[in-house]
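2 protein chains.
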Amino acid sequence: MSRILTVAAAQLGPIQKSETREQVVARMIKLMDQAKAQQADLIVYPELALTTFFPRWYHEDRAEADHWFEASMPNPAVQPLFDLARHYKMGMSFGYAELTPEGQHFNTSILVDKSGAIIGKYRKIHLPGHVEFDPERTHQHLEKRYFEPGDLGFPVWRTMGGLIGMCICNDRRWPETYRVMGLQGVEMVLLGFNTPSVNSQRAGEGLEQRLFHHKLSLAAGAYQNATWVVAVAKAGDEDGHHLMGGTMIVDPNGEIAAVLDGEADGVLVHPCDLDATRFGKETIFDFKRHRRIEHYGPITAQVGVIEPS
Amino acid sequence: MSRILTVAAAQLGPIQKSETREQVVARMIKLMDQAKAQQADLIVYPELALTTFFPRWYHEDRAEADHWFEASMPNPAVQPLFDLARHYKMGMSFGYAELTPEGQHFNTSILVDKSGAIIGKYRKIHLPGHVEFDPERTHQHLEKRYFEPGDLGFPVWRTMGGLIGMCICNDRRWPETYRVMGLQGVEMVLLGFNTPSVNSQRAGEGLEQRLFHHKLSLAAGAYQNATWVVAVAKAGDEDGHHLMGGTMIVDPNGEIAAVLDGEADGVLVHPCDLDATRFGKETIFDFKRHRRIEHYGPITAQVGVIEPS
Chain A
1 MSRILTVAAA
11 QLGPIQKSET
21 REQVVARMIK
31 LMDQAKAQQA
41 DLIVYPELAL
51 TTFFPRWYHE
61 DRAEADHWFE
71 ASMPNPAVQP
81 LFDLARHYKM
91 GMSFGYAELT
101 PEGQHFNTSI
111 LVDKSGAIIG
121 KYRKIHLPGH
131 VEFDPERTHQ
141 HLEKRYFEPG
151 DLGFPVWRTM
161 GGLIGMCICN
171 DRRWPETYRV
181 MGLQGVEMVL
191 LGFNTPSVNS
201 QRAGEGLEQR
211 LFHHKLSLAA
221 GAYQNATWVV
231 AVAKAGDEDG
241 HHLMGGTMIV
251 DPNGEIAAVL
261 DGEADGVLVH
271 PCDLDATRFG
281 KETIFDFKRH
291 RRIEHYGPIT
301 AQVGVIEPS
Chain B
1 MSRILTVAAA
11 QLGPIQKSET
21 REQVVARMIK
31 LMDQAKAQQA
41 DLIVYPELAL
51 TTFFPRWYHE
61 DRAEADHWFE
71 ASMPNPAVQP
81 LFDLARHYKM
91 GMSFGYAELT
101 PEGQHFNTSI
111 LVDKSGAIIG
121 KYRKIHLPGH
131 VEFDPERTHQ
141 HLEKRYFEPG
151 DLGFPVWRTM
161 GGLIGMCICN
171 DRRWPETYRV
181 MGLQGVEMVL
191 LGFNTPSVNS
201 QRAGEGLEQR
211 LFHHKLSLAA
221 GAYQNATWVV
231 AVAKAGDEDG
241 HHLMGGTMIV
251 DPNGEIAAVL
261 DGEADGVLVH
271 PCDLDATRFG
281 KETIFDFKRH
291 RRIEHYGPIT
301 AQVGVIEPS
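From first to last, the protein sequence lines are chains A and B. For what it's worth, my numbering labels the leading residue of the first sequence as 1, then goes sequentially. For what it's worth, my numbering labels the leading residue of the second sequence as 1, then goes sequentially.
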């Protein structure tokens, strides 16, 4: 058996502060055209796909960052993208900064089906970084300042012939992320990221180790839950701050099925057989036969470390 | 700062059905001598270190396998190993099949401190394989027939200047294993394994992919909990059934610090700086700042998959 979902990982190169939403959407449309030419069923753009990675910039008054947020979705700036996806009958996912009518701020991604309807929303749960200006870092990473932790859990949606979930950037380092989706039978995880090429707290941890940790986290999540993982970067130099690439598609064995070189706009298209998830789910990771939840209690009972006496 | 614990991963080559406990203990003593010559503080032997990997052999009457089990620990056959460890002031861990006074069967490992006292016991929780003879497999893997799932959780012990935990073989593929120990601040996980070189349910999955999944699981567990992982194989051809090697020591970044080639008896000694766990535990994996247990509920609330409607 095979159930092929052809997915396009649509990497974006850097977005400078000066770029408008309309300029970015025009770039995204070019990538959608390329994905269509390669028969993609689904196109996946990165985290914060409409703007620069603004959490690197400190504002004493948080409201000064509100212009990076979308108060509605779709909105006029992104409507051409929705229109083209519907015209192409192509599913779509992208990330953006969400400002709710109640004034809440989230780092959000959406899942749009082939009819152009938004059928899923995910709000980033594992926000990295810090709240206040940190003079000891080589650069700021203020996600905990500008966003609230997501409040929608890790849902999985039955759509496009499979079971699809989403997570964002730092979520990928947390095995709980994949496991909660794995417990819903997820067959493909869509994951956008904006990852600085250097650790702001350890200058010696450069691109090579950052890419190693990235691949390791994707591969472990894929293997241990027998799911595809589609990881899409925003990459390159944004106003003097470098984001790593590493756009790739990982198969349910944890092997890299396809990888995109470089840090510019580009699509990586791969036909993903969702039935390739069956073997793992039915044998070594057949959860109902093998998991022993009576011994997992601390995972949900405690947040931080409690050392033995 | 540095807190060095010099650990010896003591790989065992194959143990044939015909070998006695005394013969095996003599091999283990030779490895302990080698570890001492390299100033090891702690020596770690594999899973089921005293016998062949007997769960590959089917007995209709389970009691026919009882002769592979230890009814007490230490016992006369292993006493020389305990005596030498105490003489050397070396900590020790090894795995064996445990038969309790109440008649329970477990796949067990113990932790012995430098005074020769058994200070910790772990009973394997994630038993792979099956209960009944399976004619569709290329070889049997009857751990679920001969053992009960462990009933002691995943404890961590404060000993030898650090926080040390244990798990066994298939436990390493389950992120819950490391996380429960990580939530106790674990700094070194001791892990013995006996892993067939071929997947009994997919003949095409051979040594290369098996080693890839092994390394992937160790590295992810180490990185995502900022802990050392000491993985020790029983390897080679046991009565016509091949076990893979892959003895290695993984650092808290998920990088392989040292690896042992081959499938024979041998020690791999590495000075592990337990303070190298601090950076990860205090930054990206500072659990108390970053974990969001309100979204992890399914991990402990449900055993198997519940797909969305």
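Don't read these hints as lab results, they were simulated from the structure. A few of these clues could be false.
If several chains are the same, the list does not tell them apart, and a pair holds so long as it fits within one copy or across any two.
Under the rule of at most 25 angstroms between Cα atoms (straight-line distance), these lysine to aspartate or glutamate pairs were calculated in the DMTMM-like manner [to be verified]:
#1 30 - 239
#2 17 - 66
#3 215 - 286
#4 30 - 255
#5 144 - 33
#6 89 - 19
#7 288 - 151
#8 121 - 70
#9 281 - 132
No experiment lies behind these values; they were computed from the predicted model shown.
(message) Need the list of violated hint numbers for this structure, in ascending order.
(response) Checked against the structure, the hints that fail are numbers 4, 5, 6, while the rest are satisfied.
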